[in-house]
Amino acid sequence: MTADQQEPEVSAWEPDEEDIAFFRVYGPWEPLTPRQMRELMDGFPHPWWLVGGHSIEAFTGVRRHHEDLDLSLFVDAVPDLGKQLGERFHLWSNDGGTLRIIDEKRPEPLHPLAQIWVREHALAPWLVDIVPSPAVDGRWQSKRDEEHVADLDEVTWVHADGVRYQNPEISLLFKASQNRPKDRIDLANTWPLLAPEKKQWLRKAVARLYPENPWNRALASDDAICWPEDA
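Numbered per the numbering used here, the sequence shown spans residues 151 to 381.
Hints in this document: simulated from the structure, not taken from any laboratory.
One or more hints might be untrue.
As the list claims (entries may be wrong) - DEER-style ranges, computed between Cβ atoms:
#	residue 1	residue 2	range
1	P262	Q350	40 to 48 angstroms
2	R174	A345	40 to 48 angstroms
3	Q186	A370	35 to 43 angstroms
4	A357	G193	38 to 46 angstroms
5	R185	H271	39 to 47 angstroms
Heads up, the beta-carbon is just placed ideally off N, CA and C, and yes, glycines get one too.
Go ahead and model the full structure; you've got the sequences and the hints to work with.
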């Protein structure tokens, strides 16, 4: 995509009651696009990558609405976020819904793995949700499975847009634990495109971590996803 091209439009989205209740407490979201995020992070001295719905969209090419933009990086990169974004944006540590600003007086997040929300000021919408990732000897470690440790290049990939994204099967494992309607749609769009070894990895991971999850039956097919009526 060239600089003068516009982001493709998606169909209109209407917030539901849960969304409205969230906005009343924490304020609205108007997430950045991956391209905008890449521009803001230009020159950042540490690797970063997009996870969640944007990683699925980048892999499948299927456009959908995004309530937020999820960016991940290693925990040891968090201190440099203030240098990268702090002159223009306010960074807030979010630990289970408890928010506290990150500034010179309080430079440490509430917890090393707490989310970091970013906005320009108190009257502005939230723009990006930064999700620190644990590491073992400089290698990526899964939050869902501590035994899953890998080189970053094994669990992420770089798109033609220049942005690094989490592998779709890794994102889908997180989505299995939530099992929301949009997560099922993401699985249905992604599954036919996954390589056989990726499908097998996801099957085993979901069965081991979430043995009662309805995704186990849905993943039984090698072709299109078919949800059981009672799932």
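Hints versus structure:
1. Between P262 and Q350 the beta carbon distance is about 33 angstroms. The supplied range of 40 to 48 angstroms is therefore violated.
2. Between R174 and A345, the C-beta spacing of about 43 angstroms keeps the proposed range 40 to 48 angstroms intact.
3. Against the hinted window of 35 to 43 angstroms, the Cβ-Cβ separation of Q186 and A370 comes to about 40 angstroms, which satisfies the hint.
4. The hinted window of 38 to 46 angstroms between A357 and G193 holds, with their beta carbons roughly 42 angstroms apart.
5. Between R185 and H271 the beta carbons are some 23 angstroms apart, a value that contradicts the proposed interval 39 to 47 angstroms.
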